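Q: Those protein sequences? They're chains A and B, same order as listed.
Per our numbering, the very first residue in the first sequence carries number 3; after that it's consecutive.
Per our numbering, the very first residue in the second sequence carries number 334; after that it's consecutive.
Don't read these hints as lab results, they were simulated from the structure.
Misleading hints may appear alongside valid ones.
Said to hold, decoys possible - Label-pair restraints from in silico Cβ distances: (1) Asp252(A) x Arg388(B): 54 to 62 Å; (2) Glu421(A) x Gly363(B): 37 to 45 Å; (3) Arg388(B) x Phe9(A): 18 to 26 Å; (4) Ala54(A) x Asp516(B): 24 to 32 Å; (5) Tyr477(B) x Phe9(A): 28 to 36 Å; (6) Asp516(B) x Val64(A): 33 to 41 Å; (7) Val64(A) x Ser549(B): 18 to 26 Å; (8) Ala350(B) x Arg32(A): 48 to 56 Å; (9) Ala511(B) x Asp117(A): 55 to 63 Å; (10) Asp118(A) x Arg388(B): 34 to 42 Å; (11) Glu421(A) x Thr368(B): 34 to 42 Å; (12) Asp133(A) x Thr368(B): 37 to 45 Å; (13) Thr132(A) x Leu369(B): 55 to 63 Å; (14) Asp134(A) x Arg384(B): 41 to 49 Å.
Note that the structure is a prediction, hence the values are computed from the model and not measured.
C-beta: ideal position from N, C-alpha, C; glycine also.
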Amino acid sequence: MSPRPGFVLEVDRSTPPTMLWHGDGFRQERFPVGTRVVYPPEPVPALADPDAAIRHALEHPVGGSPPLSALLRPGMKLTIAFDDVSLPLPPMRAPDTRERVIGAVLDAAAAGGVDDVVLIAALALHRRMTDDELRHALGSRIFDAFAPHGLLRQHDAEDPDAMVHLGLTDQGEDVEISRRAAESDLLVYVNITLVPMDGGHKSVATGLASYRSIRHHHNVRAMQHSRSFMDRHHSELHSSNWRMGRLIADAGVRIFQIETTLNLDTFPSSFSFLQRREWEWTLRDRAGFHGTRAALERTPPALARQIFHSIRSPHALASVQAGEVEAVHDLTLANLYRQQLVQVEGQSDVLTMGLPYLGPYNVNSVMNPILVSCLGLGYFFNMYRGKPLVREGGVLIISHPTPWAFDPVQHPSYIDFFEQVLAETTDPLEIEAKYEESFATDPWYIHLYRTSHAYHGVHPFYMWYWGAHALQHLGQVIIVGGDRAAVRRMGFKPASTFADAFEMAEDVVGRDPTITHIHNPPVFMSEVT
Amino acid sequence: MSPAGGAPASTKLSPLAARRLVERARSRAGGATRTLSAVVRAPTWPGSVERPVPRRNVGADYDTAWSRTPAARAARAVLVEGVTRPFVRAVAPPTILGADQLDALEGPAIFAANHSSHLDTAIVLSALPARFRRKSVVAAAADYFFDRRWKGDLWSLWLGTIPVERARISRRGADLAAKLIDDGWSLVIYPEGGRSQDGWGQEFHGGAAYLAKRCSVPVVPVHLHGVRPILPKGRNRLRPGRVEVRIGTPLWPLAAAASGREEDARRFAARIEASVAALADEAETDWWSARRRAAAGLTPDPRGPDVAPWRRAWELPDSRRAERPQKPISSWKPW
């Protein structure tokens, strides 16, 4: 049976309680009658033979690119860059898609007699991956063949010797990327496109770039002019990346882009209730939900987090395309939209969402308040095409415990950002103007970024900017069940229950507001008309 | 012990504390009950969402795929060899005639037999060579053998039945049978569509002929003689007796070159029916007489004369009669 598309449910008196994420746990809510709940489409079937599909894509590239085997020759310099630990979410079961794809590329390189091959994790300003994470992403065969010889590298945006400035775009944007990638005869980029923001020219122009380059599109203006940054054709973030990507191509960097999409079968069968509509819950789903919830309530938060972060997703390869960057990305987006789009008619006064324990920037770590804001106001709010699900001046209600907790190893600059910057102001423009430069150039943060597993000093700023469009658009943000002090620090309103939150929302949008709730997992995109 | 010698203060429970304890226990019990109820009770269905029509796994919709898994086939082999065949030998020991007709057959075939008793399938399966018996399915009435889930489970496991609709032409049943034949399964089918009501034969439907043409396999005519008296329609008590199973020459749909024009399923069905009728004649007379009458077009019509029911009953050969045994009169008391 083909997967069912997403749909919009209108809550009535016989609608069972809706399940929603609440960080490292779940809750059930009975939304007011008339609330619209947007359900995601069901996962699409996986490719029957992913390895054959990958080999086919490499030998039948799109956009006028020659087959990969024709681009490989003895004596050449080949660099293979790949997406980092932020994709996919949750980390997928072995073999990871990167292992499959890079394995096929290396097979072709070996057959072509290529000796000079370097693998680079395209971190941009993210934290360095641990050896375990690299081994999981690439598989032991690849890891053991490259890591001991220093040929498996992690992009270091702060190493002046490892970066090369390729020029300025017609908008005056610096384009500075990895020297090894730029000076290779061929750069193969291996991508996983989980949401429409990923991939395309952003892979190289951001993934292998420096702060000097990234700041041109990771800023408040670009975010506020991206409607949304999940819709490439209406995203200033992407326009800037596309300008840079074309400059990179004009500078003679030959890129062979390989993009993949996954089927969004996000959680293993023990969590089957997460992806099933509540009225279709079987006895097993109901027992699973209530049993898991009860167990989590009695589990120390750190242990619960550990359990959740050990989940490996059954994601499977749904499509793979290779060749010239833009042609490949057009195909990827078409596949992704076909898989993820849900038609929704009209906006509402209030948008509600439950946020999970995991976002792109807290893999194996706690989701701190800034990342809660980034996930809710950045990612989930922006998962639209057309217009936001909530009207201008409307209210966003998020369910998440939002603990005042930070991982000092992964997020050291977040702590200072939260304690110092947000204590002063929550206005993204003011924050950008007054504080960004000092955090971005702080030697201690740079040292931790380069040698430890810390996000770059500027990263919390970007995460705050990620919500700039939502902050500009919304009348109020309410967090249900969150740490009150942490929520207030971000300028949001805390509420104990959804009922309280709806009461508070009425002060902003008036009585009897229209409500839309987005149901996840998996992630999906609303096309709002 | 307290210094005063009384009970320790900690063992005394103030009324307020006791009430709190009770309330807490009651609250916990209530929470557990609510959770249990939420697990056990099926969720309600939103009014705006159309309920899917539950898949009926009965009748023609019954899915028999499980009964052809290796485990089910192994179980069926045990049942057929260990129960069915000994049972048939006990109540209706068959004499099998013409089994050599099957020696030259390779691959699957359609066995088309007359039908007068529930025992027919057990007898046919017992009579077939092992290579056919172990990979055969039996076309069975969907409205009778599959009207309950348990019946579908039982008969598809025991006899390898697949559901076919008698009341209407069903593509589903035909497609399933064709697929199985293409996969190498033989098919036992009763072209009359049901057991004889009065002992006389019924008109053959075209299903066997259609499938043979569609799948390019032969139809083997089979005639069962003497089964009706053992267990006729409408009776559930066995009267053991001997039966004869006649296997005829496999029939192939005539190619265009042989017949002048392509034989359609209807004509082919008539040929199958005639072939079974000739076997029936042979059972009443002998092979040579039956052959001569068949050649002369004088084979008696197994459907019997088109006359009043009592006269049809009157004309019925003894071998097909199924009168109840007359009960002995134990006492005669005219007064």
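Q: Each hint should be assessed against the structure and marked as holding or not.
A: Results of checking the hints against the structure:
1. Between Asp252(A) and Arg388(B) the CB atoms are about 59 Å apart, so this pair conforms to the stated range of 54 to 62 Å.
2. Under the hint 37 to 45 Å, the C-beta atoms of Glu421(A) and Gly363(B), about 43 Å apart, fit the expected range.
3. Checking the proposed 18 to 26 Å range against Arg388(B) and Phe9(A) shows it holds: the Cβ atoms sit about 21 Å from each other.
4. Between Ala54(A) and Asp516(B) the beta carbons are some 26 Å apart, a value that agrees with the proposed interval 24 to 32 Å.
5. Roughly 41 Å separates the CB atoms of Tyr477(B) and Phe9(A), a value that falls outside the hinted 28 to 36 Å.
6. Evaluation of the 33 to 41 Å hint for Asp516(B) and Val64(A) yields a pass: the beta carbon distance comes to about 40 Å.
7. For the hinted restraint 18 to 26 Å between Val64(A) and Ser549(B), the CB-CB distance of approximately 44 Å leaves it violated.
8. For the pair Ala350(B) and Arg32(A), the beta carbons lie near 35 Å from each other, so the given range of 48 to 56 Å is not met.
9. Between Ala511(B) and Asp117(A), the C-beta spacing of about 58 Å keeps the proposed range 55 to 63 Å intact.
10. The beta-carbon spacing between Asp118(A) and Arg388(B), approximately 59 Å, falls outside the hinted interval of 34 to 42 Å.
11. A hinted range of 34 to 42 Å holds for the C-beta pair Glu421(A) and Thr368(B), which are about 40 Å apart.
12. As the Cβ distance of Asp133(A) to Thr368(B) is approximately 43 Å, the hint placing it in 37 to 45 Å holds.
13. With their beta carbons about 43 Å apart, Thr132(A) and Leu369(B) fall outside the hinted range of 55 to 63 Å.
14. About 47 Å separates the C-beta atoms of Asp134(A) and Arg384(B), a value consistent with the hinted range of 41 to 49 Å.
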